[in-house]
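**Student:** These protein sequences, in sequence, are chains L and U.
Under the numbering used here, the first residue of the first sequence is numbered 7, with each subsequent residue one higher.
Under the numbering used here, the first residue of the second sequence is numbered 1138, with each subsequent residue one higher.
Hint data in this document are derived by calculation from the structure and do not stem from the laboratory.
Note that the coordinates shown come from a computational prediction; the quantities given were computed from them, not determined experimentally.
Where a beta carbon is used, it is the ideal one built from N, C-alpha and C, also for glycine.
One thing to keep in mind: the hints can contain errors.
As a list, the in silico DSS-like pairs of lysine-lysine whose alpha-carbon atoms are at most 25 Å apart [unchecked claim]:
#	chain 1	residue 1	chain 2	residue 2
1	U	K1250	U	K1462
2	U	K1583	U	K1544
3	U	K1448	U	K1583
4	L	K278	U	K1560
5	U	K1273	U	K1250
6	L	K278	U	K1583
7	L	K47	L	K61
8	L	K61	L	K24
9	U	K1377	U	K1448
10	L	K238	U	K1377
11	U	K1250	U	K1583
12	U	K1250	L	K61
13	L	K115	U	K1221
14	U	K1154	U	K1175
15	U	K1448	U	K1250
Covered stretches of chain U, as calculated for chain L (at least 3 residues, CB under 8 Å) [said to hold, decoys possible]:
#	stretch
16	1379-1385
17	1583-1593
Some chain L residues well away from chain U (every beta-carbon gap over 10 Å; in silico) [stated by the list, open to error]:
#	residue
18	K18
19	A240
20	P277
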Amino acid sequence: MSERVAVRKTYKLFIGGKFPRSESGRSYIVQDSNVVLASRKDARDAVVAARAAVKGWAGATAYNRGQILYRVAEMLEGRREQFVALGVPADEIDAAIDRWVWYAGWSDKLPQVYGGANPVAGPYFNLSAPEPTGVVAVAAPEAPALLGLVSVIAPAIVTGNTVVVAASPAQPLPAVTLAEVLATSDLPGGVVNILTGRITETVPTLAAHMDVNAIDLTGVSDAELAAELEVKAAENLKRVLRPAPAGHDWFADPGLARMTTLLETKTVWHPKGV
Amino acid sequence: MFEYAPAPESRSVVDIKPSYGLFVDGTFVDPTDGGSFKSINPASEEVLAEIAEAGSQDVDRAVRAARKAYEKVWGPMPGRDRAKYLFRIARLIQERSRELAVLESLDNGKPIKESRDVDVPLVAAHFFYYAGWADKLDHAGFGPAPRPLGVAAQVIPWNFPLLMLAWKIAPALAAGNTVVLKPAETTPLTALLFAEICQQADLPAGVVNIVTGAGDTGRALVEHPGVDKVAFTGSTEVGKAIARAVAGTRKKLTLELGGKAANIVFDDAPVDQAVEGIVNGIFFNQGHVCCAGSRLLVQESVADRVLESLKRRMAQLRVGDPLDKNTDIGAINSAAQLERIRELSEAGAAEGAERWSPACELPDRGFWFAPTIFTGVTQAHRIAREEIFGPVLSVLTFRTPAEAVEKANNTPYGLSAGIWTDKGSRILWLADRLRAGVVWANTFNKFDPTSPFGGYKESGYGREGGRHGLEAYLNV
């Protein structure tokens, strides 16, 4: 009897809830697999998908977004063996799952912690509340490939932003596998879009894109490139998260800054009277 | 219009020196290269004083003084004591409020009733508010023991010279930073009087440094490698240049930039109140307000009624001597700004909008512009897209709430917006959809030290005021 031939996986992009190949038809070999080499056009297509998803996702209730992020944690727990097979250490998988749970709980708490009533000196109702900034471009950290990726996606989307993420070029397989987790977690298509390939090809396009509201340069380790990207981002005054310092501890408490940098504060006034 | 007798505020309360140096390390010093410029009264074109122009060496000196004060005095000082200095400053501002108000109106051109009743009281309130934060930073929601950033470089505009100074300096000092501030070149005088107040308060030398000058001085300051924080209020164009200049550095940046706010009037709004709000929204401070309600969006069914009432109200506005207590609209701040307002207004007429101003006698000397509205404006017109920063209102109409949202958000800016309607649920529905940092419902142009202010999109990032305003000056 002959040995069964395994069915191999094709690793593709994740755009608008679908798994397309690059419009450029290119791929590169990494982690013993062919992985899509996303083009600038793919990056722009991903922005279109992310923008289309903003209205529904930002408009969803905080309770709903929290449940969906928790659902991601459930799905990731169930698929942990896939990440083990890709060589992701068990403690990193644990931390990644726990991170989804941590952020899931923030969806309906951050507006209370980060906003509130302001005691103005006059007969006015005055309330400040955070709102998502919109579409966020993210350069994911090169490592740890799974925990780093989760640690940049979750804080951006929990508040209602949508993201276009450039995955770690050297370890893209956990990113594509995470896309499969997201695709089965009731997350609306387009909320998270994942590009594989060269940072130098996709991220400059995203940094200069006029329909992107913020950019997270966490994974850009080349200081000169990071400065160039920040200059491009100034064209429409994108909100900027600068690169993580070398040796950043991804297992530590993330704090609030990743969420708050990607938020706008809106303050509403109304007179009191009869 | 009733004839009123002139009721000018006396300027004898102010003692303007013939010339002013830079305020560095607690004393007034001459600039290294001896450069200077003149500050004039825009209502008369009279020269008020000769002002030192800081070159890059002077800026460097100021930054070093601020660094030294940060490391030796202000950084290590307990918050409780920083608070007391800020409370002292707030009190001195209250005590010298008449002087500050008159000087602000002289140097800026704004009506005395605004500098006296709005600007200066808000300045004192701002220092008083942030003073109380200095020893409570652990409880501000940024985690335990948040740290200051170090030396803050602050560049402010000419429209609210002293108020913008307060918005910059009060939170910076409360959080434990030291500052180098550059006031606008057309309105340096109240900042220099504030420097004297710092001396009077015995504020330690180097905690506040004031460097006067124009664009080159500002550039030298924000690009100085010794600053940890840059805060700018001004035009979007300059804001973008600053964002590029600090790219790749460790400097934390906050920007409060231009606006083109929609003031949206629905058919159920009380017309008289709405008209007061429209007038306050665009003619307050001669329209030199980044959050001015410069685009009136009025529901088509009531447009004629609202416009008729607005014109009647505008005919009652008194334009003239800023020091006269009856004046509603003072002088345009500078010849350059007057030229920009004229140029855009001419473009408005040339592009086909209909221009209207009340009959209005303007003084012979100084810089003046009559309150003006344009009707028949489309979204493509320059006067509907560009910030005019003057007493010029562009009127557009809409039919449905959805169309109002669409038009209101159709701008790269996102600083403020106004809503006028009697229906509460509609206010909240609309407020959710407006991409703007401040939404005034059935009111406009209200400010308070506890209330965060700042924009979405190309109106900048970061907030000034309230608990949020501390974040800009803390390492969080």
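**Student:** Hints first: check each against the structure and report whether it holds.
**Tutor:** Against the structure, the hints:
1. A threshold of 25 Å between alpha carbons decides the hint, and for K1250/U with K1462/U the separation of about 6 Å falls inside it, so the pair holds.
2. Between K1583/U and K1544/U the CA atoms are separated by roughly 23 Å; this keeps the pair inside 25 Å, and the hint holds.
3. Restraint check for K1448/U and K1583/U: satisfied, since their Cα atoms lie roughly 23 Å apart, inside the 25 Å limit.
4. A threshold of 25 Å between alpha carbons decides the hint, and for K278/L with K1560/U the separation of about 14 Å falls inside it, so the pair holds.
5. Between K1273/U and K1250/U the alpha-carbon distance is near 35 Å, which puts this suggested pair outside the 25 Å criterion.
6. The hinted pair formed by K278/L and K1583/U meets the criterion: a straight-line CA distance of about 14 Å does not exceed 25 Å.
7. With a CA separation close to 23 Å, the supplied pair K47/L and K61/L stays within the 25 Å bound.
8. Of the pairs offered as hints, the one joining K61/L and K24/L holds, with about 19 Å between alpha carbons and a cut-off of 25 Å not exceeded.
9. Using a Cα cut-off of 25 Å, the hinted pair K1377/U and K1448/U is violated, with the two alpha carbons roughly 37 Å apart.
10. In summary, the hint linking K238/L to K1377/U is supported, as the alpha carbons are separated by about 10 Å, within the 25 Å threshold.
11. Taken as a hint, the K1250/U and K1583/U pair is honoured in the structure, with Cα atoms around 16 Å apart against an allowance of 25 Å.
12. Taking the CA atoms of K1250/U and K61/L, the gap is about 44 Å. The hint is violated against a cut of 25 Å.
13. Distance hint between K115/L and K1221/U is unfulfilled; the C-alpha atoms sit about 34 Å from each other, more than 25 Å.
14. About 12 Å separates the Cα atoms of K1154/U and K1175/U, which keeps this hinted pair within 25 Å; it holds.
15. Only pairs whose Cα atoms come within 25 Å are accepted, and K1448/U paired with K1250/U is accepted, the gap being roughly 23 Å.
16. Under the rule that three or more residues need a Cβ within less than 8 Å of chain L, the assignment of the stretch 1379-1385 of chain U holds, with 4 such residues.
17. Requiring three or more residues with a Cβ within less than 8 Å of a Cβ of chain L, the coverage given for the stretch 1583-1593 of chain U holds, as 8 such residues are present.
18. No beta-carbon of chain U is positioned within 10 Å of the beta-carbon of K18/L; the least distance is around 33 Å.
19. For A240/L, the requirement that its beta carbon stay farther than 10 Å from each beta carbon of chain U is not met, with the minimum near 4 Å.
20. Residue placement check: P277/L does not keep its beta carbon more than 10 Å from all beta carbons of chain U (closest about 5 Å).
Violation of the numbered hints given earlier is confined to hints 5, 9, 12, 13, 19 and 20; the remaining hints are satisfied by the structure.
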